[in-house]
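Q: On the provided structure of chain A, position chain B with the ligands as indicated by the hints.
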Amino acid sequence: MTDSRAKALGGLLARQGILVAFVLFMVGFALWNPRFIGIDNVFGVIRSSAILGVMALGVTFVVIGGNLDLSVGSMMSFSAIVVLDLHENPAFGPALAIPAMFAMTMALGALIGFLVGYLKLNSLIVTLGMLSAIHGLTLAYSGGQNMDIANQQATWFGVFGRGTVAGVPIPVLMFGGLALILAVILAKTPFGRKVYAVGGNGTAATFSGIPRARVVFMTYLISSFCVATAGLIQASRTMGAQNTVGQGMELEVLAAVILGGASLLGGSGTVFKTVIGVLILGFIQNGLLLAGLQFYAQFVVTWVIIILAVWLDIAAKRGRLWSPIA
Amino acid sequence: MTDQTPALRLENIVKTFPGVRALGGVSFEVFPGEVHALMGENGAGKSTLMKVLGGIYQPEEGRIFVEEVQTVMTSPLQAKAKGVMFIHQELSLAEELSVAENVYLGELPRKSFGRVDWARLYAQTDEILDRLKVSFNARTRVGDLSIANQQMVEIARALTVEAKAVIFDEPTASLTDAEKVVLFDVISDLRADGVGIVYISHRMEEIFKITDRISVLRDGEYRGTLVTAETDEDEITQMMIGRSLDLSRNAAPVEVGEVALRVEGLSCGDLFQDVSFELRQGEVVGFYGLVGAGRTEIAETLFGLRTPSSGRIFLKDEELKISSPIEAIGHGISLVPESRKEQGLILGMNCRDNITLPQVDDMTAGPFVADGAEVAIFDQYRDRLQIKTPSWRTSVGSLSGGNQQKIVIGKWLAMRPDVLIVDEPTRGIDVGSKSEIHNLLRDLAAQGYAVMVISSEMPEVLHVSDRIIAMYHGRIMRKFGVGEVTEDSLVQAISGIGGDGQAA
Ligand SMILES: Nc1ncnc2c1ncn2[C@@H]1O[C@H](COP(=O)(O)OP(=O)(O)OP(=O)(O)O)[C@@H](O)[C@H]1O
Ligand SMILES: [Mg+2]
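Chains A and B, in that order, are what the protein sequence lines are. One point on numbering: in the working numbering, the residue at position 98 of the first sequence is 98, and numbering is uninterrupted. One point on numbering: in the working numbering, the residue at position 382 of the second sequence is 1382, and numbering is uninterrupted.
Everything labelled a hint here was simulated from the structure, so no lab data went into it. None of the values given here were measured: they were computed from a predicted structure. Where hints are given, some of them may not hold.
[What the hints assert, rightly or not] Straight-line alpha carbon distances no greater than 20 Å define the calculated SDA-like cross-link-like pairs of lysine to any residue that follow: (1) Lys188(A) x Ala1373(B); (2) Lys188(A) x Ala1370(B); (3) Lys1316(B) x Phe1277(B).
With the rest of the complex left out, here is chain A (with noise of 0.2 Å):
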């Protein structure tokens, strides 16, 4: 009796290992510091996620359709600098920056999605590759320079990544917003149903008579204009920009995706998922920092929860821990 108790503990903690972990992480550290679960901290945690988040969303349809995307974080180091660089030259200015900007990230996701899809090479090799390329490309742009926009009174281009609605940071906002209209089109269209169908078996969704070409092609506009969005945060609310500003968050964007329990192997995860995903991943590195953990060590325990999170998705597929089969 006290068997089958066990053994139904054990199967929930495969299923819903993650948010379980995640409670007792939180009740743990609330219980040490009750700053960390104040409205105050809360409210930063998710704003801080929020451009992480954005480029999540995109990267969810990606991992759902059956591939990976891990130059995320070089476009969007693009996407800031370019946006940035617009805005200063007096023949753009913010207005039409914003849209030349969009264009160009998105023609690099363009880029991407016929490589993987119409000519279908690995999605691992091709974004790994476009992953340098743009870093170079931004650097070649930029001429190595940082950008920043000199007079910062004289422009309203900060709304995106400094400004309030009612009190709601308007990059919080924008997260929300992004995640409802994407979570609708995901879950609720045809569309959606072709990217699960993709992920899930190719070769049945072709026999079906589903164009896979074609959406994995659109998976990968999706997630360019998700990274677009997130670079005009990102140089709105610093208005100024590193070309390293998005170094590293491919990983913690696959991390915040996979800890939502999308599978890497395609055809399951939604929306809502990713954003727990990242809002786990957001509370998990500030209970840390809180706790005086240096900043650089957030590399290392970011890689730990990477790995924990894909093993509890593999035992929660073989209904164990731990297996001797594979």
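A: For chain B with the ligands alone, coordinates are given in the frame of chain A:
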């Protein structure tokens, strides 16, 4: 026989899945040197029972005995160590590895320092393959083999150890007649060696040919055991589905209408050559031949998955170039493909979404998928095909093999095609549903659909078809008109003798 110790004994096994009581206290035994059939409808619990035995599932209740020693089976490796070998219904091979590596997976023969002894590995494997009389060798990459040959690799696996019991879960579903003969020889060798054999199949002729006793499951409950020599098909069917089958074909006179599909001189590399035929509304045309005769490839070409090297395709007298499944579907062609797992289903997706997948673009209310309409379609085909599933939300991967096949058929019927091509439609389907599906194909024809049935089962082809086209090595050997066919002439035509070449 009863005074012997059973090789295997299961006692009161209970296993539940979310929403399903798959086994409600089932007992079962097999003696050394006995071939014991396990029968029951799709979803009755046969595979689940054997997976409990093979250490893949842990039962909630019940006990397992190997030679009357109580055992807990915690993993397939452990089951193997106890002498219980398992040939699965769904293939589970590593496609990138060689045949030999698959056969000895997890226990490759070693030399000193843990190095793999390749010479011995290949030699041992080839020895087993010789027994199975197959045309490939130990070094062949498994991914390059046909499904039938992959099935033979699964069987080879079971011959690597001195087994006390071997479980065959629908081993013949994708084998040709010649391969079946080999398999049955292997089984009778094993039986002569005193191995206990559990044999799961929906094919009555096999059951009567090779088994000694038959146990029947129904909805996860044990129904009884029959001695094969003392029973008949009807009694088994009664026990399985609670009624007799009406095997007579609905004898509505065939009213053939216009030509729905016409193919002229179609060739595709060395897969098939110079194939011409026509399919009329209201008729079922059977394509019969050995595996590899080019029938599946013709279907795939008509469905836009292969590009023909020459020849023409007409749909209602209009010449078409079909270069993708999207176009084929647009022209009203449906294909129920050969392999449900690879080509037919998104296993992680729920039942409803699988069925409506090809038409999801049309099932909308505004920009959104219309949930209600989808559920209505699902309900309609669940009832029509008697698909057994706890709900439409259940993921297809957790259905029994036969019910998965029904989902694929439902998916393509739901498209209401003009031309329906079905490739091995009843693979793994129980007797009741099989005759259900045969009737359904006949009904569809009666309603004016043109139906093309590819099958390697002669009784099936003879039963459902109005006309039969026999193929051999990529060529049409003979076309049999209504009422012209006999078993003998069919057998001759598909083995390349006695055919009259490209018939008129
Ligand atoms: N992993 C699983 N998760 C949930 N339900 C399952 C799982 N495996 C089997 N089932 C359910 O258990 C029941 C018995 O399935 P099982 O595969 O044993 O049937 P079967 O007798 O082998 O049928 P078939 O002739 O179609 O192969 C079915 O209702 C099936 O949906
Ligand atoms: Mg089964």
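Q: Taking the hints in turn, state whether each one holds.
A: Tested hints:
This hinted pair checks out: Lys188(A) and Ala1373(B) have alpha carbons roughly 13 Å apart, not beyond 20 Å. Annotation: proposed proximity of Lys188(A) to Ala1370(B) holds, straight-line Cα distance about 8 Å (limit 20 Å). A C-alpha spacing of about 13 Å is found between Lys1316(B) and Phe1277(B), which places the hinted pair at or below 20 Å, so the restraint holds.
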